[in-house]
Amino acid sequence: MLSIGVDPGRCTRCRRCEAVCEMAHGGDGRGLESRVRIRDSGWPTIGICRHCESAPCADACVSGAIRTDPLEGTVHIDASRCVGCWSCVMECPFAAITMMVDVPGRGPRALKCDGCREWGFPLCVRYCPTGALRAGAGAGETSGRVRREHAARLALLPGRGTWPALRGRAGGGTPA
Amino acid sequence: MNYVVVGVSAAGLSALRAIRELDPHGDVTVVDEETRPAYSRVLLTHYIAGTVEDRDLFLVEEEFYRKCGVRALLGVRATGLDPDGRQVDLTDGRVLRYDRLLVATGARAVVPGWSAPGAGGDRGGTGETGVTGLRTRDDAVRIRRAALAGHSVVIVGGGPVGVKLACALRELGVTPTLLVGSPRILSQVADREASLILERHLVRCGVRVRCGVEVSEVIRGPLGTEGVVLSDGSVLPGRLVVVCKGVEPRTELVRGHVAVRRGVLVSGGMQTSVPEIYAAGDVAECPDIWGEGTRVSAIWPHASRQGKVAGTNMAGGRDLFPGVLPRNAMDVLGTPFVSMGVLDAPAEGGWRSVSRRRGDSYLRLVIRGDSVVGAVLVGCVRMAGPIQAAIRRGGRGWEEVVAP
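Protein chains in written order, with the working numbering: chain X, 1 to 176; chain D, 177 to 580.
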């Protein structure tokens, strides 16, 4: 697994990442399963998880569904525990949580980037044609710098601890 | 160091963890009146709906306290405080000495006169019919049982808890009646338009909603509770009456010893007016993020954050709570809803509001000067997080966030 970096300046809004993410997570092509969201205008351009070191979504989760993987530092939602209360959506400064409102036979639930655990490599990164999404050795630094800039732009209070940090990933670069 | 934590829910538990992280060998005692480990109150409506199992309500396992070397006194209550002698009295006669005390006693449900035990209410009862609040696991068990047995349920109070309960019962196939004292539902946490959108949605989904009425009396018959008499004189049948009229801080342990307004007044470090006594969670009254006043904000994220701050500072570390930003998120039968900060723009003084509506998707921002200080979102709420970040950084740059 590798770390993901975001550089929205390079994004042309081709939305290939949305389509690939949808397929990677078993969606039916309507885009509902995609954990990446590209906005037509405004900020943030690319809504994707930064896997925050002290994740506000996890702190806010009322059902203990959001946990940080102790080895990788990635943040995951356990779909079987999520009750769809949208507390995480309210807290995520990067608009990275996808809401599944209509799930047949089940209540609403939240989805987010899992770093393509099942695929071994984040597919949105593999198929991004402009390098707006990056991964691999060095992307740790790049993503760290760029994400820090975003955080500064969003002016998150330092105490919020949303500085991104991906630890211990093979080839993932240095922690941001 | 000798720590005593009174009350272990969101605040007490995160305080406990913070203390243990900094002081692995300190002497920690927790006191809680519930006999089982801490559970999530926020999940109680989900338990009633059947989407969360009983065992998943608990925040920690039975072994948790023992594993982290904490003495847990469960099923007892702290009744007295001696701040000079640094002692807490317990209901079982024990006296606990402390160097640092955390008051995390939380809040209790407001009990209107008509629902008090002497007036026909039977709170704390275990029958399927009667009058109850929705604050504890026992309350939730009772409500779920009544609903499954097919008893008619009347919910009194149109705040977040009342509305979430109505949704939960609807999911169970029950048709509850929601009685709201205000002219609209969610009047404390939503603006008018959002209230009306959500109310219409609830009604469409089969919840009966009546606004602008109070309960004046509970009707008791040979079989127990049979209904309520409303302020307009009409009678509404119902076997179980659930009172959701908000909560009030449980300050009685420290009242008279530390500064108390509505809640226990604390600094950003969660310290009360007595330096070795801290307070966190629903019992605490804290400066808001604008530094313009103090507020009690009984919400989960504040409680766990405040607990962490209190625990860190009690154990000799340094942490600061960034201030209260009131906020709520919920799912109203498939319609997401989020609100935060200031919800009403006064007519004068440089306030205005910006709103946008597309079908049942609604967004409203409250702007003071050039700064966003509050927001209401219905339907599409994905941008709620970036808006919150904008509010926290001083309110600028919101135009980008809400660009269509």
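Hints listed in this document are in silico derivations from the structure and should not be mistaken for laboratory results. Beta carbons: idealized from backbone N, C-alpha and C, even for Gly. Heads up, a few of these hints could be off.
[Said to hold, decoys possible] Here are the simulated distance ranges between beta carbons:
#1 X/Gly131 - D/Glu576: 54 to 62 Å
#2 X/Pro129 - D/Ala325: 21 to 29 Å
#3 X/Arg106 - D/Ser358: 29 to 37 Å
#4 X/Ser54 - D/Arg438: 27 to 35 Å
#5 X/Gly131 - D/Gly493: 35 to 43 Å
#6 X/Met100 - D/Ala325: 27 to 35 Å
#7 D/Glu238 - X/Arg117: 29 to 37 Å
#8 D/Arg532 - X/Met100: 19 to 27 Å
#9 D/Arg438 - X/Arg117: 56 to 64 Å
#10 D/Thr351 - X/Arg81: 44 to 52 Å
[As the list claims (entries may be wrong)] On the chain D side, residues computed to face chain X include the following (Cβ under 7 Å):
#11 Trp476
#12 Arg558
#13 Ala579
[As the list claims (entries may be wrong)] Here are a few chain D residues that sit away from chain X, every Cβ distance over 10 Å (derived from the structure):
#14 Met177
#15 Val218
#16 Lys243
#17 Pro259
#18 Arg284
#19 Arg311
#20 Leu348
#21 Val405
#22 Ala435
#23 Glu452
#24 Trp466
#25 Arg503
#26 Thr511
#27 Val557
#28 Gln564
#29 Ala565
Against the structure, the hints:
Taking 54 to 62 Å as the suggested C-beta distance range, the pair X/Gly131 and D/Glu576 does not conform, at roughly 23 Å. Under the hint 21 to 29 Å, the C-beta atoms of X/Pro129 and D/Ala325, about 60 Å apart, miss the expected range. Between X/Arg106 and D/Ser358 the beta carbon distance is about 33 Å. The supplied range of 29 to 37 Å therefore holds. Restraint check, X/Ser54 to D/Arg438: a C-beta distance of roughly 30 Å satisfies the suggested window 27 to 35 Å.
Checked against the hint of 35 to 43 Å, the pair X/Gly131 and D/Gly493 passes, with Cβ atoms roughly 41 Å apart. Restraint check, X/Met100 to D/Ala325: a C-beta distance of roughly 32 Å satisfies the suggested window 27 to 35 Å. Checked against the hint of 29 to 37 Å, the pair D/Glu238 and X/Arg117 passes, with Cβ atoms roughly 31 Å apart. For the hinted restraint 19 to 27 Å between D/Arg532 and X/Met100, the CB-CB distance of approximately 24 Å keeps it satisfied.
As the Cβ distance of D/Arg438 to X/Arg117 is approximately 47 Å, the hint placing it in 56 to 64 Å is violated. Distance hint for D/Thr351 and X/Arg81: a CB-CB separation of about 29 Å, inconsistent with the stated range 44 to 52 Å. Hint status for D/Trp476: holds, given a least beta-carbon distance of 6 Å to chain X, under 7 Å. Given the 7 Å rule on beta carbons, the hint for D/Arg558 holds: about 5 Å separates it from the nearest Cβ of chain X.
Taken as an interface hint, D/Ala579 checks out: its beta carbon lies about 3 Å from the nearest beta carbon of chain X, inside 7 Å. At the 10 Å boundary, the C-beta of D/Met177 stays outside the reach of chain X, the nearest C-beta of that chain being 24 Å off. Look at D/Val218: its CB is around 4 Å from the nearest CB on chain X, not clear of 10 Å, so calling it non-interface is violated. The claim that D/Lys243 is not at the interface with chain X holds, since no C-beta of that chain comes within 10 Å of its own (minimum 17 Å).
The Cβ of D/Pro259 lies farther than 10 Å from every Cβ of chain X, with a closest approach of about 30 Å, so its non-interface assignment holds. Every beta carbon of chain X lies more than 10 Å from that of D/Arg284, the smallest distance being close to 20 Å; the non-interface claim holds. For D/Arg311, the requirement that its beta carbon stay farther than 10 Å from each beta carbon of chain X is met, with the minimum near 16 Å. The Cβ of D/Leu348 sits about 12 Å from the closest Cβ of chain X, beyond the 10 Å cut-off, so the non-interface label holds.
Remark: the non-interface label on D/Val405 is consistent with the geometry, its nearest Cβ contact in chain X lying 35 Å away (cut-off 10 Å). Every Cβ of chain X is farther than 10 Å from the Cβ of D/Ala435; the closest lies at roughly 25 Å, confirming the non-interface assignment. Distance check on D/Glu452: its Cβ is at least 24 Å (rounded) from any Cβ of chain X, clearing the 10 Å threshold; non-interface status holds. Residue placement check: D/Trp466 keeps its beta carbon more than 10 Å from all beta carbons of chain X (closest about 13 Å).
The Cβ of D/Arg503 does not lie farther than 10 Å from every Cβ of chain X; its closest approach is about 6 Å, which violates its non-interface assignment. For D/Thr511, the requirement that its beta carbon stay farther than 10 Å from each beta carbon of chain X is not met, with the minimum near 8 Å. In this structure D/Val557 is not separated from chain X by more than 10 Å, as the shortest Cβ-Cβ distance comes to only about 6 Å. The claim that D/Gln564 lies off the interface is violated: its Cβ sits roughly 7 Å from the closest Cβ of chain X, which falls inside the 10 Å cut-off.
Annotated as non-interface, D/Ala565 brings its C-beta within 10 Å of a C-beta of chain X; the closest such distance is 4 Å.
When the structure is compared with the earlier hints, violations turn up for hints 1, 2, 9, 10, 15, 25, 26, 27, 28 and 29 and for no others.
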